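Visitor: Protein chains in written order, with the working numbering: chain A, -12 to 554; chain B, 234 to 543.
None of these hints come from the bench; they were simulated from the model.
No experiment lies behind these values; they were computed from the predicted model shown.
Pairs of lysine-lysine residues, derived as DSS-like cross-links and limited to a Cα-Cα distance of at most 25 Å, are as follows:
#  : chain 1 : residue 1 : chain 2 : residue 2
1  : A       : K483      : A       : K313
2  : A       : K493      : A       : K482
3  : A       : K533      : A       : K40
4  : A       : K405      : A       : K319
5  : A       : K373      : A       : K313
6  : A       : K374      : A       : K319
7  : A       : K533      : A       : K235
8  : A       : K43       : A       : K114
9  : B       : K273      : A       : K482
10 : B       : K273      : A       : K87
11 : A       : K136      : B       : K273
12 : A       : K495      : A       : K177
13 : B       : K286      : A       : K136
14 : A       : K509      : A       : K482
15 : B       : K273      : A       : K509
Just some of the chain A residues that point at chain B, by a computed CB distance under 7 Å:
#  : residue
16 : T56
17 : Y144
18 : D229
19 : V230
20 : E252
21 : T254
22 : A256
23 : P257
24 : D262
25 : G266
26 : T271
27 : T424
28 : T472
29 : D474
Beta carbons: idealized from backbone N, C-alpha and C, even for Gly.
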Amino acid sequence: MRKKAWLRTAAGLTAAALVLTACSQKENTGTSENEGASTPSAGWPETAVPELKEGKKGGTFQLAITEPTAIDPYNAQESEGILVATQLFVGLTTVTYDGKTEPGVADDWETNDDCTEWTFNLKTGTKFHNGEEVNSESFKRGWERVAAKDSASEVAYHLDGIEGFDEMQAGTATALSGVDASDPAKLVVKLTDPNCEFYIRTSHTVFSPMPSTAGSPATNTAFVDQPIGNGPFMMDGPWQHDVGIKLKRFDDYTVQDPAYLDTVEITIAPNGSQDEYAGFQNGTFDWARMPTPVLQQARSTYEPQGQWITRNTNGMNYLLTMVTQKPLDSAKARKAISLAIDRDSIINGVFKGSQTPSTSLIPPVFTEAYQEGVCGDCHYDLDEAKKLAKEAGLTEGTELTFQFNVDAGHEEWCAAVKDQLETNLGLTVNMNGVQFTDLLNNEQQPGASGIYRAAWGADYPTPGNFLEPLLSTGAIGAEDNEPVTGDNRGRYSNKKFDDLLADALKEKDDAKRITLYQQAEKIAIGDDQALIPLWNRTQHRLANTKDFINVRMDFHEDPDLRVISTK
Amino acid sequence: MGKFVIRRAAQAIMVVIAATMLLFLGLFVLGDPFASTGDKVVPPATQAILREKFGMDQSVPMQYLTYLGNLFTGDLGIDLNQRRPVADMLGVALPNSARLALIAIIIDIVIGVAAGIIAAVWRYSVWDVLVTILTTLAIGLPTFVIGVWLRQTVSGFWIFPQVPRTFTELAPWYTEVLLPAFTLAIVDAAFIARLMRGSMLEVLRADYIRTARAKGLGERTVIMKHAFRNSIIPVVTYIGISIGVLLGGAIITETIFQYNGIGFLLYRSILQQNQPVIMAIVTYAVLAYVALSMIVDILYAYLDPRIRLS
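In isolation and in its complexed conformation, chain B is listed as follows (with noise of 0.2 Å):
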């Protein structure tokens, strides 16, 4: 066990240095924040003094060994537009994506393996039809056209705060995540309901689930104690990927809801060629991405020892 996580581990700084390494050349060799603004040209002289104060009046191998540096300390320096602290700017976002990823999975979880769990158990009934029907809705819907629909019915009604709303009538936390969280957590929870119930039926049908009901065990004790943690398998790889694909999905899901986390930010910065913001958000991005799927594999390994083994 201790060898396979020391493997993966290398593995893991390797695909960290190569991703922040092609990050770096794609956004400071390619594009000239100081060129311009709107249609006017920034004088020369101009452009000289904010080269120097972002640190790009250097060469591209030592900004790039700087920006290294840097980063393990834990300066992300600051953005070009209103020169800010990066890490301040993270610190306000990350809470919020981190709170409406963790409410995202949870609704994802507690939708898709109930529903999953129901219509593999009673496969062919009404419940399972429904399930089917609907997964196939949600998975069909992107994100964007739930979450515009959501914003131009919900928004404004019962607890759900309006957008826009000026920002001196105060909402509390609970009530502006649930609607983006929702409009995350609805395709994902489809996708896991469909796992579930495909691993389930396939555990069901297996000879120990036989065996386990022919010594007289109750049919709970078979489901939920037998069949449901090999069956789970799939799904928790599934939701390891799925962070990933929350952050994706956030940048829209935020967008809407003018949610302000991570994913908003990086839209805005994207907009604004904010290279340091775009450059630390994206790295946390893949060092994020990279730890999930490390702990997905060693969590992987440590449910099935074949793994570790080969």
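One chain only, chain A, in its complex shape (with noise of 0.2 Å):
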């Protein structure tokens, strides 16, 4: 009876916090409509970059990192690796913060009419930090050895349009046809493809020289984890495994301006954000991440003491539409989708302002090819996304898979999209929490449809990185019936966006391109909506800079070690 009686209220109570949420829902709607109007974007602002100042030699700069895959370019590929990678090696040309492509070794460079044969100019007198000169050959070398299929590189297919690269790759040759270092002070690159951004590229570590000591393939471990290079810091002693990596200042650096630091301790703590957190609060880091749940109160905290860093970062978070199968087949359906989704309100629900709205899939990192509100439907407009569904046959009950991964702190804004797109625009959305693995694998699957929660960030500072991989129809690479062997797992194919990609790969002038660039994303973000941008990658940092001079965020979302000095 007592049970009974127990049910009853339980049911009760449900009953009334289901009528209070659709209350509150309807409240939401209404107000947020009205925010829209008078304030069009939510998010924090980002913070000053600082203006950089003389400094001083001297000093040790801790941070924390999580284990990476490899320090050594041949394999470096997470944030953590290059952060490593990047100090210890300079390529042709470096990134600079804000996304530019400057001079490194190599001084400049030439290509012929069609794009086909680079010629790079190489700075003399550069050494490595074994004394050893660094020549056109290092970069032969070092190419070479990443291509080597024996070094198996994760990496390698950056490599990839270099003449002689598949036969490396396939193990039926042991050099690369393509690049020829007979003078060195020159380095020769021929391309199998038209290519006028290929300098662009050779920023990325997996381009760095090698020293002949490095030996090929990569598997001499001793040289894997205390790799001799060419960058302004230098290893002091191996990688000590899961307990950290010491660098110090290379004094004959001259590739650009040395470095201040006399040493970088760099700390392996295994739990990522949340232990550099900890650090930081304790003083054992002068550099860190955050937990998401702590970005509120930490920005209080260390905001006002000029110790927070906030900026948009070479990445974009995005909903994956399946545009080749029902219900997301037109580009007037896709728009409903992405009218029907507030994005203010999530950001301001559920990321707190950390995040800040998107209305373009190229970031605003990119600031030349950047085109604010190229997706004229990132925006949130109920009534305009009504009306769209209903002609592109969006109805009442229509289902709607929606799969995101687990476990990575995304189930509470899916959850909020899910239920604005079932209130807006009475959808059934089938949402389903899956592990990451799996949810690539769903999403190559052919017949797969619906949205996806997806990120994506650029490997070197072109737009092309973001439009090619993504939208292409070769990143397909693969019929209709067959899973998708690229990154376009959506599928999208359209003959004038592919057409004006490869205007754009050979279009010799800067400026030239990147306006192909932004013809190319307008078709297939403006018109097209191939895929729904939902908001920037926004990344936050604690930066110590009650101790040091200088410090700001590089590309790669890393501190800017070169320049950092003590005060």
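Join the two chains into one complex using the hints; note that each chain is given alone, in its own frame.
Guide: Take a look at the structure:
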């Protein structure tokens, strides 16, 4: 008897809760509509980047990372590995903190008319940490070490397009036939296809030069754990796995201005942002990422002290749409979905303002190519959404698959998106949280439909590295009835878009190339809504500006160690 | 006795083969570690090169046989992530874990057995009540609660090193091992105290204890020589089993204190889908568990003749 009373009460409470949420939902949409009119964008503003000041030699900078896959450029891949490799090596070109390509070991470069042959003129007299001179042979050696089949590099594909690369990957050649190092001061590279922005690609650490002691294939563990490079810092002892990496300044660094810091101590803290934040709080680390739940609190503590960095970085969060399958096989249907999502209210509600809404695929960090508002339907407009949905046949009860990967903090906002689509358009959203590998696998299958959580960051600072892999026909790499083998998992295909990208790669003039990319983005995102951009990749860091000057975030979201100096 | 040992060893070998086969199937057949890196698909050509590199281009039965063969020669292969010999990784982590487990067990036994004997001998005294209350508390609190609380409050004070700290700030091994060992030991110590108390009380009621007392033996001799040896049997069994539980608890404890042991290595390897490392650790855990329970059974048979005869 008593049990039944309990049940009744529980049922009553649930019903009440349902009524309450229904009310609050209605209220929510009402207010955000009004808010949408007055405040166009949500989210915390970017913090100012410090002007570089003359520093002084000395000091130790402490930070923590998780254990990288590799710090040797042949296989350095995630942010942590790239952080170390970037200090140890400098390639033909380098990326500035704001995503521009600058001369590195190459002073300048030229290309033939169709951009299939590149000549890089190298600075002479620059040295590896062991004193060996860096010349064109060092680059050829480094690239061949990456391309060698037995190195089994996971990032070798960046060299794809250099003549002889395929043969080396197949194991039938031991040298890159397209790379000529006969003149020590000149590196000549032949490409299989025109690429007028190849020089931008060479800023990736995988294109680093190697001293003759490196050995090929890259299986020499002594070198892989203590690489000898030509960058502003050198290894101070081998990498202590799961413990730490110690770097010291390379005093003969002449490629750019040398570093100020004496040493950089990189502690390997396995719990990532959690440890970094704890370590920053107890004064151990001078730089830290933070777990998402503490962002708001940390910002209120450290922002007033000038120890807070917020930047929109090289990346984009979006919804992948399956454009060849019902119900999203029309641009109108995809636009209806985009218009029915209230990004601002999710950012303010779920993310507490730590993200900024997006209206483009190419993020604002690409200042020259960024087109604010190129996605004309990346805002909340209920009437327009309903109208387009009706025209596209998205009726009451239309089923929509929505998959995301679990255990990565996506649960809450995905639930909000589902909720909005159901409330605003009357769709039946079948939301499904799966493991990350399963998510990618499901997206690749022929016949996959609906929307999927997705994110992307470029490997090199060019808009083409967003557009080509994500949306070009070539990046599907499969017939309609086969699983996708590239990164265009939505199977978007548009001849005009493909042609513009091809033209861009044949365009030698940087400004004109950017215009072609912008036109391509306009077609794919503005007209066809091939993807649904949600919010920019916004990154937050804590930085010890009490003891250090020139602390800024580099293009890879790491501290720009070469310019940091003690006060 | 010899027959019993042979029978028990045959059982153990069967368990090991069945367990490794299941593990292998579960790990190598279900997950594809090369499909993607982050949000990016790995190009099919690269995937093929990686499969060949790690010997995963062969058929599954072939891979299993190769694996078993390598296991006998002690070759555990290289890990999928950093391509370091798995044996090296275990070589670093294993001594740390062994040290942790050993110290935890010593703390376990010393605290547990002493508390159990005291509670049993002075039954219903203040000490007995205190042991009951403390053990209830310790058993009720999960390891991770105790661990996180100790890390938050004690780490960084006195001799206990800060977590996290920079790797250049060295700490002697015993300062690093104490907190995790204590965290690991506390729940087990409580169990052992209760076991010891219960079994001691039972033994103290037995006829032969009365006989011993009637013979005029001193109380100390009665308890330490007659009662102790007989009441320790369930505790021995428990410690044998709890070594397996210790390894399980070590995953949590080592992760909390970032103690570079097997449990922590396993945790990281699972996150990375680093199958050769997971495989090696779990295989060794199975071997250790099987070997230990075998030893416990044999020890049991030695202590109690009825077991080896049945």
